[in-house]
Amino acid sequence: MKRALCLLLFVASTAALAQEKNPVTSAVKEILPRQQKNLVAAVEEMPAEKFDFRPTEKQMTFGHLVLHILESNNYQCSKIGDLPEVKAAVPLKESDGKDKLVPALKASFEFCATALDKVDDSKLGDEVELYGGKGTRAFALIALTNAWADHYSSAAMYLRLNGLLPPTAQPKK
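All residue numbers for the sequence shown refer to our numbering, where the first residue is 1 and numbers rise by one.
Quick caveat, the hints were computed from the structure, so don't treat them as lab data.
Be aware that one or more of the hints could be misleading.
Below, a list of computed lysine-lysine pairs in the BS3-like style, where the Cα atoms sit at most 27 Å apart [as the list claims (entries may be wrong)]:
1. K37 to K79
2. K29 to K134
3. K173 to K79
Assemble the whole structure, with the sequences as input and the hints as a guide.
In C-alpha cells:
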C-alpha cells in the first residue's frame with residue numbers, strides 16, 4: 001500500500017514538474033481538445049442546407065467560416081510545429097458542403113495536435129513566418145488560441161441566428 005502511494009506521488013510530481021517546465025505549450029495543448037470539441041460540434045450542429053447562410057451580405061457564409069477555420073489551423077500549426085502545411089490535393093471551396101468540410105476541419109485539429117507535440121517552451125522565442133510577416137512562436141501560439149475563441153464565437157452566432165444552440169449553451173446530458 002505504501003509503495004503504491006509512493007509511486008502515485010512520484011507520477012503526480014513528475015507530471016507537475018513537466019508542466020512547470022513548459023507552462024505555455026502545455027497550456028495550449030490543454031486548450032486544444034476543448035476548442036476542437038466545441039468547434040467541431042458547432043459545425044456539425046449546423047444543417048448542411050445552411051452552410052450557405054450569411055447573416056448579412058457583407059459577412060462570410062457559414063461554409064466559408066468553416067473553410068477559414070481549417071485553413072487557419074493548417075497554416076498556423078505548420079508554422080508553430082515547423083512542419084509543411086497540409087494542402088488538399090484538390091483545394092476545398094466553401095461551397096463543397098458539410099460532407100467535405102467537416103472531415104477536413106477534424107483533420108486540421110489532428111494536424112494541430114501533431115504540430116503542438118513538436119514544440120516546447122524552449123522554442124517560444126524562435127522567429128516564425130506569420131501571414132507575410134515574422135513573429136515569435138509564442139505569439140503564434142497565443143494567436144492560435146485567440147483564433148479558436150473567435151471562430152467559436154462566430155460559429156455560435158451563426159447557429160443562434162438559425163434558431164440553434166451552440167454546444168456550450170446546450171443543456172448537460
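A quick look at each hint next to the structure:
no.: 1; hint: K37 to K79; verdict: 23 Å, holds
no.: 2; hint: K29 to K134; verdict: 23 Å, holds
no.: 3; hint: K173 to K79; verdict: 38 Å, violated
When each numbered hint is compared with the structure, a violation occurs for hint 3 only.
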